[in-house]
Amino acid sequence: MTASMEFFKADVIVVGAGGAGLRAAIAVAESDPSLVVALLSKVYPMRSHTVSAEGGAAGVTRDDDSLDEHFHDTVAGGDWLCDQDVVDYFVAHCTGELVQLEHWGCPWSRKPDGHVNVRAFGGMKIERTWFAADVTGFHMLHTLFQTSTKYPSIRRFDEYFCSDLLVEDGRCQGVVAIEIATGNFVTLQAGAVVMATGGAGRVFRENTNGGIVTGDGMALAYRHGVPLCDMEFVQYHPTCMLGTGLLFTEACRGEGGFLLNKDGYRYLQDYGLGPASPEPRNKAMELGPRDRLSQAFWHEQKKGRTLATSRGEAVQLDLRHLGAKKLHERLPLICELAKDHLGIDPAQATIPVRPAVHYTMGGIRVDINAASQMPGLYAAGECASNGIHGANRLGSNSLVETLVFGKVAGLQAAAFSKTASLAPESTIRKQAADAQARALRLVTDPGKGDRVAALRGEMAQTMEDGCGIYRIGAELQSTCDKLADLKERYARVRVDDASNNWNTAWLLGLELGYQLDVAQAMAHSAMERRESRGSHQRLDGFTERDDSQYLRHTLAHHQAGGPPRIDYCPVTITRSPPGVRAYGAAGEAEEQKEQKVSGE
Amino acid sequence: MNVRRPYVRRMEPGWWWKNAFLLRYMIREMTSLLVAVYAFVLLAGVFALSRGDAAYRQWLDVMANPWSVAFHGLLLAVFLYHSWSWFEIMPKTLPQIRLGGRRLPAAAITWGGLAATVACCGILLGGTLWLTR
Amino acid sequence: MKLEVMRYLPESDPEPRHQVYEVPYSDTGSVLEALQYIKDELDPTLSFRWSCRMAICGSCGMNINGVPRLACRTFLREYFPGPVRIDALAHFPVERDLVISAADFIAKLESIKPYIIPRVERDVSEGEYLQTPLELEKFNQFTKCINCMLCYAACPQYGIDPAFLGPGVIALAHRYNADSRDGAAEERMGQLHAEEGLWSCTAVGYCSEVCPKDVDPANAVNQNKMASALDYFLRFVKPGDKS
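Protein chains in written order, with my numbering: chain A, 255 to 854; chain B, 14 to 146; chain C, 92 to 334.
Don't take every hint at face value.
Unchecked claim - Calculated lysine-lysine pairs in the DSSO-like style (CA-CA distance at most 27 Å, straight line): (1) C:Lys130 - A:Lys702; (2) A:Lys580 - C:Lys130; (3) A:Lys404 - A:Lys379; (4) A:Lys579 - C:Lys229; (5) A:Lys365 - A:Lys379; (6) A:Lys379 - A:Lys580.
Claimed, not checked - Here are some chain C residues the structure puts well away from chain A; computed CB gaps all over 10 Å: (7) Met92; (8) Glu95; (9) Pro107; (10) Phe139; (11) Asn156; (12) Gly157; (13) Gln248; (14) Pro253; (15) Glu277; (16) Ala285; (17) Glu286; (18) Leu325.
Keep in mind that the hints were calculated from the coordinates and are not lab data.
Virtual Cβ for every residue (Gly too), placed ideally from N, Cα, C.
Bound-form chain A, shown alone:
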């Protein structure tokens, strides 16, 4: 393999061209057209995983709704592990960003009077989810991508794979990337870099994520000393197709779908989410938060009340009572998926579903300005952890997060870049050459050990076994041990392809390296959090939330040749002290109690 190195200078580099990356790039271009933005992505922008988001994006619009309500839903939904100053900023900017997207052409679903329509969503007390049929992420992504073509200062590097960050003087000053079509390298230098590379759900076996969701940006920042925050919090989506992990959107339940066990019983009423009313009620039953619903599945399975199918245990998603007309109008994608993959017409039969990994709440630790602790390095979207999701993300908060904080990251990076001095090109070139050699090692000096696919399969299985919906210390320990073993074997991994053009075997090898680092951060963070909170639930004597010890963010620090070092940083609490996180009738009672207290 022979690979050359080109050099490109920009003002801001954005890695990843999904919702957050495109929004960041547009923000830079709009703030100052003279700034050159290099927008780098390993796939064409409209292939980014934002495209798969179905349900919607939250923004307060109704007269009976308020920013306070959105704030409280988010903070309680996150089991008080949210940074409340950031949540305040977030909820205040959601609607404006969604309107901005409307101005850019996003085909939001409308009310008869022409205003944007909103729908109910899990964990949200009042309807505030903007949606575009059941392909909201798709429409947001295409709107952003097409709008981005308006700005000549955005120079896209489509199908370039980011292989390393360039850090000089303690500042992030660029990236090294591989042009996938040729295997040539390019060095990009800039005053600031925005990471917008998305999540890491593919480290688990059962997941809803696209093949590209491999935690690249998280791992790159982490390897350069930036801590990964709250990585133990991994969201399961309760209604996924067995085997493939494909998602049946939460909107199915927002529209009034039921979850039944094998006896046709709406089992969620047994898990503090009842009472079971025939009409959907916000924050109750099927519209409870995702972590609770996924946990209820686990219990039903243990009780033997789930349905055995050829692809594993399942509960039933029942949409039959909604009728064919409403289903085809409001949930066309779901009808299509069920018919094509399972041969099921949701108007006639129930759909077997189970929880699968959906979202990583954790990520690169950044502040309210999307800035990481490394000057010049910013992060937004799923790869970042700015503290708005806490221990569990509410559905429809993440799509709008990509906009709100994508913009923040872009503006902050642009401002930083204007004042940042650049290291001499020769220094950067030297660093880039080393990075190039490291990335090429997989193909120029391939190991004789395991195949990439074999290691990847073992990693996904051990994460599923030890780091799933419920966690037990001993199982977590064996997952940690297994990951250490896999990392050691990865050093001798075999890549059976030394060609230059479109060498995807090589890229899968590099991605596996990223995934193993991220998986380790997850497992070790989970190991050390000896309590149960939000999506992190333990069964080994730590079944309760422990605010005295763990009302803190976990920080995982990379250590070369060993497991991560775990420490903690405080959670910012401004106006909502930790309370009881209750849903259904219990939630309403809790709310009344609170109102009484505040009224006194």
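Dock chains B and C against chain A, hints included.
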């Protein structure tokens, strides 16, 4: 420096032969040649008429030849298919049409267009017969 | 089940060839899963694009038994007992194996100004533009394009002359032209009037047939021919208006 070597595939000469949809398209296109041929036949008739009675009768005799009748039978079949193919793609050529708030389905446009044409032909034929009775 | 997969390694193959792989059959298994099986278990050198697995990212378009389809939404059961022939998406240059070059499509997409050029400027603080469900309906179907490019592989005119703007991009131009918020239809129509615009289309209609999202690009192209023709003739009728 690695280079790309994208391979450009040429379309095979029989590209339309292997795919039923494209085959039907090509039949539609080829029938238009026969439509043109018939236009020339008619044009020849008009030209003969302009040259006087004898020429026109001669043209009519040629038309009455059994081979010519068979040819016209073929032309009729071709015409019917060609016309049908146009009504078939008519929905693709029109903007959305709404009736009572609902979008008119493609089949309704096709059959509606066809019905209108049959009606027009009927009126024309009826009118001609009435005028020449 | 046997899969005959197109292979083209630009560094060693003078031209594409086919390689046969035996994959396990299941009646819910997709062609994409079969390719992934090949990549993971049989031959890591096989390259193809994929990501979402749910027919929305538009990556995995390929010609399956000669028909342009998304591999994730095509099932082995449709071809039982096989074999199935899998080619790179027709009409596009092959970069390697099943990976084609999308550069031409992307350049065309960017060329038609695929963004709102507002009819009336409005500030974000003034809230959203009002748009009734009926106004949305006028263009909504054309927003559903996932840029999978199957329609280009289906279009013989694009195969014959790659300068043709093509179904997907014309549908996208129409999407913005038909949007009540947009006021730049005339700007875009200039390009559509051109020889390589609408008039390269001979109404084959196969593009709409293969579209996995029911966008019906043939409708977008052909309904504009009327406007384009009218525009052309009106220029003769109205001698004063030659601008």
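Outcome of the hint check:
Between Lys130 (chain C) and Lys702 (chain A) the alpha-carbon distance is near 18 Å, which keeps this suggested pair within the 27 Å criterion. Proximity of Lys580 (chain A) to Lys130 (chain C) is assessed by CA-CA distance (about 41 Å); at most 27 Å being required, the pair is judged violated. Under the criterion of a C-alpha separation no larger than 27 Å, the hint pairing Lys404 (chain A) with Lys379 (chain A) is inconsistent with the structure, at around 38 Å. The hinted pair formed by Lys579 (chain A) and Lys229 (chain C) meets the criterion: a straight-line CA distance of about 20 Å does not exceed 27 Å.
Simply put, Lys365 (chain A) and Lys379 (chain A) have alpha-carbon atoms about 20 Å apart, close enough for the 27 Å limit, and the pair holds. Taking the CA atoms of Lys379 (chain A) and Lys580 (chain A), the gap is about 23 Å. The hint holds against a cut of 27 Å. Every Cβ of chain A is farther than 10 Å from the Cβ of Met92 (chain C); the closest lies at roughly 18 Å, confirming the non-interface assignment. With 10 Å as the threshold on Cβ separation, the claim that Glu95 (chain C) sits away from chain A holds: the shortest Cβ distance comes to roughly 20 Å.
No beta-carbon of chain A is positioned within 10 Å of the beta-carbon of Pro107 (chain C); the least distance is around 13 Å. Chain A draws Phe139 (chain C) into its interface by the beta-carbon criterion, the shortest separation being 8 Å against a cut-off of 10 Å. Every CB of chain A is more than 10 Å from the CB of Asn156 (chain C) (nearest about 18 Å), matching its label as outside the interface. With 10 Å as the threshold on Cβ separation, the claim that Gly157 (chain C) sits away from chain A holds: the shortest Cβ distance comes to roughly 21 Å.
No Cβ of chain A comes within 10 Å of the Cβ of Gln248 (chain C); the nearest lies about 24 Å off, and the non-interface call holds. The Cβ of Pro253 (chain C) sits about 19 Å from the closest Cβ of chain A, beyond the 10 Å cut-off, so the non-interface label holds. With a closest Cβ-Cβ approach of about 18 Å to chain A, Glu277 (chain C) is found to remain outside the 10 Å limit, as its non-interface label requires. Chain A leaves Ala285 (chain C) outside its interface by the beta-carbon criterion, the shortest separation being 20 Å against a cut-off of 10 Å.
Chain A leaves Glu286 (chain C) outside its interface by the beta-carbon criterion, the shortest separation being 24 Å against a cut-off of 10 Å. With a least CB separation of 29 Å from chain A, Leu325 (chain C) remains clear of the 10 Å interface cut-off, as annotated.
Taken one by one, the earlier hints fail for this structure at numbers 2, 3 and 10, listed in ascending order.
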